[in-house]
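A.B. asks: Sequence:
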Amino acid sequence: MKIGVLKEAKEGENRVALSPDVIKQLIKKEFAVVVELGAGLGSNFSDEDYKAAGATVASSEEVFTADVLLKVNPFSKEEISKMKTGTACMSIMYAYNHPDLLDEMNKKSIMSFSMDAVPRISRAQKMDCLSSQANLAGYKSVILGANHLEKIFPLMMTACGTITPAKVLIFGAGVAGLQAIATAKRLGAVVEVSDVRPETKEQVESLGGRFLTVEGAEEVKVEGGYASEVSAEFLQKQKELIQTKIKDSDLVITTALVMGKKSPILVTEEMVKSMKKGSVIVDMAVESGGNCEISEKDQIVQKHGVTIIGESNLPSLLSNNASQLYATNISTLLLHLATKDGFNLDREEEITKGVLITYEGQVVHEFTNKILNK
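Note that the sequence shown covers residues 622 to 995 in this note's numbering.
None of these hints come from the bench; they were simulated from the model. If you're wondering where the values come from, they're calculated on a predicted model, not measured in any experiment. The beta-carbon is built from N, C-alpha and C at its ideal position, and this holds for glycine as well. Check before you lean on any hint, since a few could be wrong.
[What the hints assert, rightly or not] Derived Cβ-Cβ restraints for the label pairs, each shown as a range: (1) 829 <-> 970: 38 to 48 Å; (2) 921 <-> 677: 32 to 42 Å; (3) 924 <-> 651: 52 to 62 Å; (4) 649 <-> 773: 44 to 54 Å; (5) 773 <-> 868: 17 to 27 Å; (6) 864 <-> 742: 35 to 45 Å; (7) 983 <-> 853: 28 to 38 Å; (8) 891 <-> 968: 48 to 58 Å; (9) 964 <-> 895: 47 to 57 Å.
Using the sequences plus the hints, can you model the full thing?
C.D. replies: The following block contains the structure:
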């Protein structure tokens, strides 16, 4: 089987689907790998690094002759048009957001696998790119926030007086939120956390954060690690609780996502107005609509005396580590699905069923069909 690695076309994307170290492992298993010229430069992997690992470095035209194509971001219509009929492809697709791309794939009987659809089960942890990338994003969110905050995080006693620790408020205690808690605590901040899932309380407290409990949280439905349904009444109670907390916060980090839907607004413009001058908000959910009402995608803006950071691709800012982890995720999934001789799919097996999106000209993914047919 010939594996092709394409250079990412998305603006601002520095990651690459395979790292040289992972390519060495694939070649040992008798796969052939061809990498597009310059594909790894944004992650500090040179073409020479790929050649030394045993890969062929070539033009995009040659990469499109591969049996399976790997990317980080969704394949574009232009890229799909260059694929051979029956090609397999793997990337972070968020397929339910791109029905037009699925149509194009089905026209050419493209077999597609979506990395974001890997089931959240223990034996699939090494394939879980959402966790690996969110972990890095949570770390980077705190570093970005600290960089724009005009005060230090830790308690500091000096001859001139005592500097009190910064107060950090984090929305969401998923992978990104938990790493943000750990990073902020390591820097010496006082950390408070709000999450709609009451089962995260123990994890928050184990990292030294204070969990803010919202009445009615036990009624929130959770699906695949995400809150799948949050009532307007619950969101109102949550807003009332954080209204008092946000006034005293120096840094606010929001991570709240709802799978298949727009992110909930947790920080209103009125809340921003109530914050201290010089405070900072990092809206990690800006790619899916944002948790802050006035954040702007891929912009750092100042509004009402508050700096609001809307960086939509935090893992790309740590591209070397992010690419290394993603390469392990995608190669592990590929090795689960195929050998050097080709794909051997058991469509009833949980991981395969979870990640297979299009097959033999049809969308076969249950959750994607559910969203698209609403």
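A.B. asks: With reference to the structure, classify each hint as holding or not holding.
C.D. replies: Each hint tested on the structure:
With their beta carbons about 40 Å apart, residue 829 and residue 970 fall inside the hinted range of 38 to 48 Å. Remark: the range hint 32 to 42 Å for residue 921 to residue 677 is upheld by a beta-carbon distance near 40 Å. Look at residue 924 against residue 651: about 56 Å separates their beta carbons, and that is inside 52 to 62 Å. The given range of 44 to 54 Å is respected by residue 649 and residue 773, whose C-beta atoms sit roughly 48 Å from each other.
Residue 773 and residue 868 have their C-beta atoms about 21 Å apart, which keeps the hinted 17 to 27 Å range intact. Between residue 864 and residue 742 the C-beta distance comes to about 38 Å, which sits within the given range of 35 to 45 Å. Between residue 983 and residue 853 the beta carbons are some 37 Å apart, a value that agrees with the proposed interval 28 to 38 Å. Taking the beta carbon of each, residue 891 and residue 968 are about 50 Å apart, inside 48 to 58 Å as hinted.
Taking the beta carbon of each, residue 964 and residue 895 are about 55 Å apart, inside 47 to 57 Å as hinted.
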